[in-house]
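Let the sequences and hints guide you as you build the complete structure.
Protein sequences appear in the order of chains U and W. Residues 1 to 344 in this note's numbering are what the first sequence spells out, letter by letter. Residues 1 to 540 in this note's numbering are what the second sequence spells out, letter by letter.
Treat the hints as calculated values from the structure; they're not laboratory data. It cannot be assumed that every hint is accurate.
Stated by the list, open to error - Calculated pairs, DSS-like style, for lysine-lysine (alpha carbon to alpha carbon, straight line, at most 25 Å):
(1) LYS138(W) - LYS111(W)
(2) LYS80(W) - LYS52(U)
(3) LYS318(W) - LYS113(U)
(4) LYS38(W) - LYS6(W)
(5) LYS244(W) - LYS319(U)
(6) LYS378(W) - LYS272(U)
(7) LYS67(W) - LYS111(W)
(8) LYS111(W) - LYS40(W)
(9) LYS313(W) - LYS244(W)
(10) LYS305(U) - LYS40(W)
(11) LYS111(W) - LYS108(U)
(12) LYS318(W) - LYS294(U)
(13) LYS272(U) - LYS111(W)
(14) LYS272(U) - LYS52(U)
(15) LYS319(U) - LYS313(W)
(16) LYS61(W) - LYS6(W)
(17) LYS313(W) - LYS294(U)
What the hints assert, rightly or not - Distance ranges between label pairs, derived from CB positions:
(18) ALA12(U) - GLU425(W): 54 to 62 Å
(19) ASP359(W) - ALA334(U): 53 to 61 Å
(20) LYS113(U) - GLU425(W): 21 to 29 Å
Treat the numbers as computed from the prediction; the structure is a model and nothing was measured. Think of the CB as a built atom: it goes at the ideal place given N, C-alpha and C, for glycine as much as any other residue.
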Amino acid sequence: MGIRFSLVAVVALVLAAFLGVGTAGLNHFFGVTVPSIALVVFLGGVVFRVLKWGRSPVPFRIPTTAGQQKTLSWIPQNKLDNPSTKMQTVGRMVLEVLLFRSLFRNTKFEIEKGPKLYYQWEKWLWLASLAFHYCFLVILIRHLRFFTDPVPFFVHDIERLDGFFQVGLPGLYLTDAIFMLAVTYLLIRRLIIPQLRYISLPQDYFPLFLLFTIGTTGILTRYFTKVDLIKVKQLAIGIISFHPVVPEGIGVIFFIHLFLVSTLLIYFPFSKLMHAGGIFLSPTRNLPNDSRFKRHVNPWNYPVKVHTYAEYEDHFREKMVEAGLPVEKELDEAPVTAQNSTEG
Amino acid sequence: MAKVPKPNELVIEHGFPQTGWMDTPAVFRPGNFSYPGKAKNLQALGLPNPREWSPLDEDWKLPSNWKQIILEGMRERLDKFRSFKIFMDICVRCGACADKCHFYLGSGDPKNMPVLRAELLRSVYRKDFSLAGRIMGKMVGARDLTEDVLKEWFMYFFQCTECRRCSLFCPYGIDTAEVTMMGRELLNLVGLNIDWVVGPAANCFNNGNHLGIQPHAFKDMIEFFVDEIEAVNGIRCEPTFNRKGAEVLFITPSGDVFADPGTYTLMGYLMLFHQIGLDYTWSTYASEGGNFGMFTSHEVMKRLNSKMYAEAKRLGVKYIIGGECGHMWRVINQYMDTMNGPADFLEVPVSPMTGTRFDNAATTKMIHIVEFTADLIKNGKLKLDPSRNDHLVTTYHDSCNPARGMGFFEEPRYVIKNVCNNFHEMPPNTIREQTFCCGSGSGLNNDEFMEMRMRGGLPRANAVRHVHDLHGVNTLATICAIDRAVLTALMDYWVPDVTVYGVHELVANALVMDGETERTTDLRGEPLPGMEEDSENEDV
Numbered sequence: 001m002g003i004r005f006s007l008v009a010v011v012a013l014v015l016a017a018f019l020g021v022g023t024a025g026l027n028h029f030f031g032v033t034v035p036s037i038a039l040v041v042f043l044g045g046v047v048f049r050v051l052k053w054g055r056s057p058v059p060f061r062i063p064t065t066a067g068q069q070k071t072l073s074w075i076p077q078n079k080l081d082n083p084s085t086k087m088q089t090v091g092r093m094v095l096e097v098l099l100f101r102s103l104f105r106n107t108k109f110e111i112e113k114g115p116k117l118y119y120q121w122e123k124w125l126w127l128a129s130l131a132f133h134y135c136f137l138v139i140l141i142r143h144l145r146f147f148t149d150p151v152p153f154f155v156h157d158i159e160r161l162d163g164f165f166q167v168g169l170p171g172l173y174l175t176d177a178i179f180m181l182a183v184t185y186l187l188i189r190r191l192i193i194p195q196l197r198y199i200s201l202p203q204d205y206f207p208l209f210l211l212f213t214i215g216t217t218g219i220l221t222r223y224f225t226k227v228d229l230i231k232v233k234q235l236a237i238g239i240i241s242f243h244p245v246v247p248e249g250i251g252v253i254f255f256i257h258l259f260l261v262s263t264l265l266i267y268f269p270f271s272k273l274m275h276a277g278g279i280f281l282s283p284t285r286n287l288p289n290d291s292r293f294k295r296h297v298n299p300w301n302y303p304v305k306v307h308t309y310a311e312y313e314d315h316f317r318e319k320m321v322e323a324g325l326p327v328e329k330e331l332d333e334a335p336v337t338a339q340n341s342t343e344g
Numbered sequence: 001m002a003k004v005p006k007p008n009e010l011v012i013e014h015g016f017p018q019t020g021w022m023d024t025p026a027v028f029r030p031g032n033f034s035y036p037g038k039a040k041n042l043q044a045l046g047l048p049n050p051r052e053w054s055p056l057d058e059d060w061k062l063p064s065n066w067k068q069i070i071l072e073g074m075r076e077r078l079d080k081f082r083s084f085k086i087f088m089d090i091c092v093r094c095g096a097c098a099d100k101c102h103f104y105l106g107s108g109d110p111k112n113m114p115v116l117r118a119e120l121l122r123s124v125y126r127k128d129f130s131l132a133g134r135i136m137g138k139m140v141g142a143r144d145l146t147e148d149v150l151k152e153w154f155m156y157f158f159q160c161t162e163c164r165r166c167s168l169f170c171p172y173g174i175d176t177a178e179v180t181m182m183g184r185e186l187l188n189l190v191g192l193n194i195d196w197v198v199g200p201a202a203n204c205f206n207n208g209n210h211l212g213i214q215p216h217a218f219k220d221m222i223e224f225f226v227d228e229i230e231a232v233n234g235i236r237c238e239p240t241f242n243r244k245g246a247e248v249l250f251i252t253p254s255g256d257v258f259a260d261p262g263t264y265t266l267m268g269y270l271m272l273f274h275q276i277g278l279d280y281t282w283s284t285y286a287s288e289g290g291n292f293g294m295f296t297s298h299e300v301m302k303r304l305n306s307k308m309y310a311e312a313k314r315l316g317v318k319y320i321i322g323g324e325c326g327h328m329w330r331v332i333n334q335y336m337d338t339m340n341g342p343a344d345f346l347e348v349p350v351s352p353m354t355g356t357r358f359d360n361a362a363t364t365k366m367i368h369i370v371e372f373t374a375d376l377i378k379n380g381k382l383k384l385d386p387s388r389n390d391h392l393v394t395t396y397h398d399s400c401n402p403a404r405g406m407g408f409f410e411e412p413r414y415v416i417k418n419v420c421n422n423f424h425e426m427p428p429n430t431i432r433e434q435t436f437c438c439g440s441g442s443g444l445n446n447d448e449f450m451e452m453r454m455r456g457g458l459p460r461a462n463a464v465r466h467v468h469d470l471h472g473v474n475t476l477a478t479i480c481a482i483d484r485a486v487l488t489a490l491m492d493y494w495v496p497d498v499t500v501y502g503v504h505e506l507v508a509n510a511l512v513m514d515g516e517t518e519r520t521t522d523l524r525g526e527p528l529p530g531m532e533e534d535s536e537n538e539d540v
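Laid out in structure tokens, this is it:
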């Protein structure tokens, strides 16, 4: 159900752009209006979401400790998996954000008769995720050449590196290929691993279909329809410099590509894709394990009903005296109290 | 009480129902749920909606505005806990956590996959706190909060031991323990709790400890162990109670006062403190290290925990030493100072024997008995004869909370290796930060839940069996009172040849005390290696 719904949604988006540009001639709408709105929604939405998270305090220090704590001087601390200072925590976050440290721990279980459990090597998810995210990043950086004039040196460098394997003309970017493979892998595993299929929601398939189609249309424009890059650049610079122009003869595939990217931008802040921002704010990862030696204040800490020692002694005084336990007030000093006076 | 199937009768299948998870209601049957909280216990804590009810009934006797209460409670907690908000928002359902949960591995119930457990709550969050969910409903994984959903929460938030193993594997650090804690807080708002949590919490609040041991009885029980120790080695320890002016207040879980094999660990504390001449006192008021409030709500956790500092202040001690316990140490490490501090009336702990200053506990001013002992051993302050433990081939179970809520790995290993000659680790992905839960934590260690406990404990038992078969391991050491109680049942079920020990029982076995008579048995009355014949002639 989720798969079909998401697939239909993406096909509908493709058709909308195809008909809108190809038949109705809404080039300006699809080329300028939608992308402009998308940029605003994306930036505004991400800021809004992060601020919304930030509004809720972090009352307690709850890092998941994944290594030896800071303790006696002769026991070496695992500073990256159980950081106790800010700098060490930054180190942990760098590993987490740039290398997906936690995902790298992944294993896969097997159960045999007995019952016997085994945990097997399983790094494919980690590898595919890493490949996907880094290729996406490189592709984004490469696209900067449409928005900058002159194009910064690092964009050229990355393009050169990425196009190292000269296959056909224009040269094939390695990242395009890996990106498509990784997205396909992430989609296929969602379909064939029973656990994953059972938990997947439409919003898990939708971004994958969307990214797959964005990749496909991007590849089509570059390698097959060979869109006029000068015109695309005019359009792109027009949008970000608030002087929009829609050059003639760009071709409908490009508009579809652009429309899907706009959809992704609009969708991003309101979806699970915000994990990109959330990871930085995740309290089990971004806090040092220092709450035994550094005081932290909970901004909403409030007084609670406690059972005081005085109440306790009032309740048990006779028995305590009889057992020879020291008391604050001797039997003759204390008023007679009802049993269970503090209950309820 | 439900009959527990034998190990070879237990069916574990990791299949999936034909229906989607939202359309598969939770089915309560004997063995898969814990008995509900009794009215008197809810009343003792002033918790809402005290009444007698049963999960097997159709009508759970909820307040008429229960839905409003839950949704308001959710809103309040989303505003108070960034963790809750983030964990509701950023899961991508990558599935990395799915097979990391001991309850999923042992039961095969898909809703025991951490991701689905969280989705039970997330689906309601989407419906009531997100625009897309409100408009598109089920198409975006949102659903109405109905009584069936609430019942499902009750089932699965009390089938999670808050062990945090899933959070280790989550690429965003989403912590199901945190989600379960929120889920349980919400359930508590309408009077849904289990008696094995709320009963001990009520006891602890009024009587000072989970088991409800009254002050005179507490003293009696400890003194009984004094006699026991004397029978083993002729040494008479002299514990004091509620004594003002002692240097140290010692607090440990009451489970170790009450039941084997924890009692032997407690005897170990008495012997160690006697041998080094520590100026310490027990308290009958703060006679509980554990905190079942943690399994109820942050508020009840704080209410129970408050006694530790209050008593330390009243008695005028310099600092506190805490015994071997699991969740107790998560509370002390991650919550205590923030909730009930600052403990500015205490001093930074300094070991009177070694002079070591425990700067790692500079604000909580409470140190773990195992780090205290490790420091003693390192500084050569204890005379140890590890050969007295030669009849034991030991492995070590990292308790979840000291592992993933603290990072307490090397200290216990250092101590064990100094008091035992035979030690073997279980496989790497079942120990340290990846340790598997005993399957009975977070208040689920009750008898009626036994089948699920044996299922949830399977991954742990499986790893023990591995080293049992490979190295002849017959001893499972732990630093958790719940572990000592429940792993015993788990071993009886899955690996009957293995016995559970606390680390300080092992220490006490090896500890050579000044003026002791020659020992022929260990603390359990088992003959020491080489003493088998002697002890047969004696009436121990």
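Hint by hint, here is what the structure shows:
1. LYS138(W) - LYS111(W): holds (18 Å)
2. LYS80(W) - LYS52(U): holds (12 Å)
3. LYS318(W) - LYS113(U): violated (55 Å)
4. LYS38(W) - LYS6(W): Cα-Cα ~30 Å, so violated.
5. LYS244(W) - LYS319(U): holds (19 Å)
6. LYS378(W) - LYS272(U): Outside the cut-off at roughly 50 Å; violated.
7. LYS67(W) - LYS111(W): At roughly 22 Å apart (the allowed maximum being 25 Å), LYS111(W) and LYS67(W) satisfy the hint.
8. LYS111(W) - LYS40(W): violated (32 Å)
9. LYS313(W) - LYS244(W): The hint holds at about 10 Å.
10. LYS305(U) - LYS40(W): holds (18 Å)
11. LYS111(W) - LYS108(U): Roughly 18 Å between the alpha carbons, so the hint for LYS111(W) and LYS108(U) holds.
12. LYS318(W) - LYS294(U): With a Cα-Cα distance of about 18 Å, the restraint between LYS318(W) and LYS294(U) holds, given a limit of 25 Å.
13. LYS272(U) - LYS111(W): holds (21 Å)
14. LYS272(U) - LYS52(U): holds (15 Å)
15. LYS319(U) - LYS313(W): holds (23 Å)
16. LYS61(W) - LYS6(W): Violated, at about 35 Å.
17. LYS313(W) - LYS294(U): holds (20 Å)
18. ALA12(U) - GLU425(W): 54 to 62 Å: holds (56 Å)
19. ASP359(W) - ALA334(U): 53 to 61 Å: violated (42 Å)
20. LYS113(U) - GLU425(W): 21 to 29 Å: holds (26 Å)
When the structure is compared with the earlier hints, violations turn up for hints 3, 4, 6, 8, 16, 19 and for no others.
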